[in-house]
Amino acid sequence: MITFCRLRPAHSVSERWASARRRQGTTVVEVSSAEASAGALAGGLLPLGRSAGIETAGWVVSPAEARVLQDRGEAGWRVTVIHEDSTEAVLAALVSTGAAFLRTRRSAVAEAARLTALPGVAATVSVFVDDVDQAVAAVGAGAGDLLLRDWDTERLGQLRQALAGDLVERTAFPIGISVDEARTRLVPETLAAYLGLVDGSGAVRPRTAWAPGKDEPAPFAAGRLSAEWADAAWSRGDSRAGLSEVGPALRLILERSLDGRPPARDDVELLLRSRGRDVEVVAAVADELRRRAVGESVSYVVNRNINYTNQCYFRCGFCAFSKGPRSLNLRGDPYLLEIHEVAFRAKEAWERGATEVCLQGGIHPQFTGAFYEEVVTATKTAAPGIHVHGFTPLEVWQGAETLGISVEQFLVRLRNAGLGTLPGTAAEILDDRIRAHLCPDKIKTAQWAYVMETAHRVGLRSTATIMFGHIDDPGSWANHFEVIRSIQRRTGGFTEFVPLPFVHMAAPIYLQGRARPGPTWDEVVLIHAVARLAFDGLIPNIQGSWVKLGLAGAAALLGAGCNDLGGTLMDENISRAAGADHGQVVEPADLERTIRSVGRTPVRRNTLYEALETIE
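In the working numbering, the protein residues as written are 1306 to 1921.
Derived by calculation from the structure, the hints in this document are not laboratory data.
The structure presented is a predicted model; accordingly, all values stated were derived computationally and were not measured.
Just so it is clear, CB atoms sit at the ideal spot from N, CA and C, and this is done for glycine as well.
FRET-style restraints, in silico, Cβ to Cβ: (1) H1742 <-> Q1466: 35 to 45 Å; (2) E1389 <-> R1454: 16 to 26 Å; (3) G1600 <-> S1319: 55 to 65 Å; (4) D1390 <-> V1441: 25 to 35 Å; (5) Q1466 <-> V1426: 27 to 37 Å; (6) E1653 <-> A1469: 55 to 65 Å; (7) P1493 <-> G1470: 29 to 39 Å; (8) T1919 <-> A1347: 55 to 65 Å; (9) L1563 <-> A1537: 29 to 39 Å; (10) S1324 <-> R1794: 42 to 52 Å; (11) E1486 <-> D1571: 13 to 23 Å; (12) P1745 <-> D1571: 24 to 34 Å.
Could you put the whole structure together from the sequences, leaning on the hints where they help?
In structure tokens form, the structure reads like this:
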């Protein structure tokens, strides 16, 4: 992998200047003063200090000053050593600091590469290049990182084609720095700037206005599925690709998948780290597995969401539903529906053709398990034929706890009252490393799994979800997939897998500068496509969320392993509270038109994926 950084040196930096440079593609600015560093951060750029005495995101310093940073205990991934002074001094600085980069002159690349090739040296040779020919020559001599000043999109495309290999954009730091590491080492202002620039792997995210929930078209070009690049050569390309176009490790995983051998946990993580062309190949394999598993039909359900309260005593950083800032005018006043109102809405939904009502909401401070039981009873009394899909594992756990009974006893009571299935939400990321910062007071991974396994054992099936694109990474996504697979192998109780991209606009954790602005489009594609590979033979249905992605975005995922578009909803408040622009309802005709637009056959289903009507 060859990395590149779009960087500019500057003596004086204002917020306005930095914002303008960021819009033009710059991510990093080299500064000589604390004032310039502050201006860069205010404008969303990462500052690199030319002296160890400046508090910045990182430093580009001489071997002598690198030793100062070592004495302060600064992380090596924040350090670039300049290739000057004696060879011995440079080598000592590299090994003592664990510096990420050795910056050299074009004429000295080969000499620098000999140093970085020594055992125990972690640095990559980094060099400024002014054109594609210089870049190719530098890489040929041993450079692994290219510093680019004022390169536009088309020149970057020419560079990608000339190098004919993996080319990935970095920030001031190397690829792969986790949010955990960044949170530990960076001050809040620097952390916010970093998270605003990167994807889940720590690479620079594409510069697009699109994000989940925004009323913007998905950023891929016609004929493509990946939006990794924006130059004309990429946009005119074709997403259809064969296995011969990916590396040997990825090709082996995909060939095994096509032979009916799903990827192991580490294989899943490798798949989720795919970029560019590899994303499209993974999606193509996923679509072939979809065709084999469920054919050419795409299903949906006519349902209604009833969010019975937006009050909640849990403090999940991603949730704007119960804590959306009033300045954004997204949530309105706190509310709690009376039980008879919930029942009325369920009856109304049934009369309008819905077969399912989904009951979810915040956990009100006054709720006990009795509320959940009463609302199910009232709903089934008002609409006996409707399927009640309700209550996350968190609600189940809290309901049992407040009644002083076991989870199993409580689930049996809910089942006997008329509960049909459980939604798989409250999962977020089933990795406690992430949950400790995303939803610290919520149930842990083991508790979520326990509720689901217990529900399946007493005859209640459920969905499974993942909510991704905030402070997570491919490793935590792979761990999440493995939790779902382990449960499904034991119980077979999951009916579908539903990826839910993080809608960031009003989420507290984002507004506080502690999360990324949602997943990139390529990450959205990968989560859905890799789910098809990982759950092959276990969970047949992969859903694309039109609520988060819009109908056109969800339609694109029907070519990446998805076979379901979810429900009509009739009401949906949770995504809207987080800032989503997409509507709270679609008509069956809208979903059917979307399905036909990609050459597939619409099927109206019930909650358990039993076909009710094939729409010709």
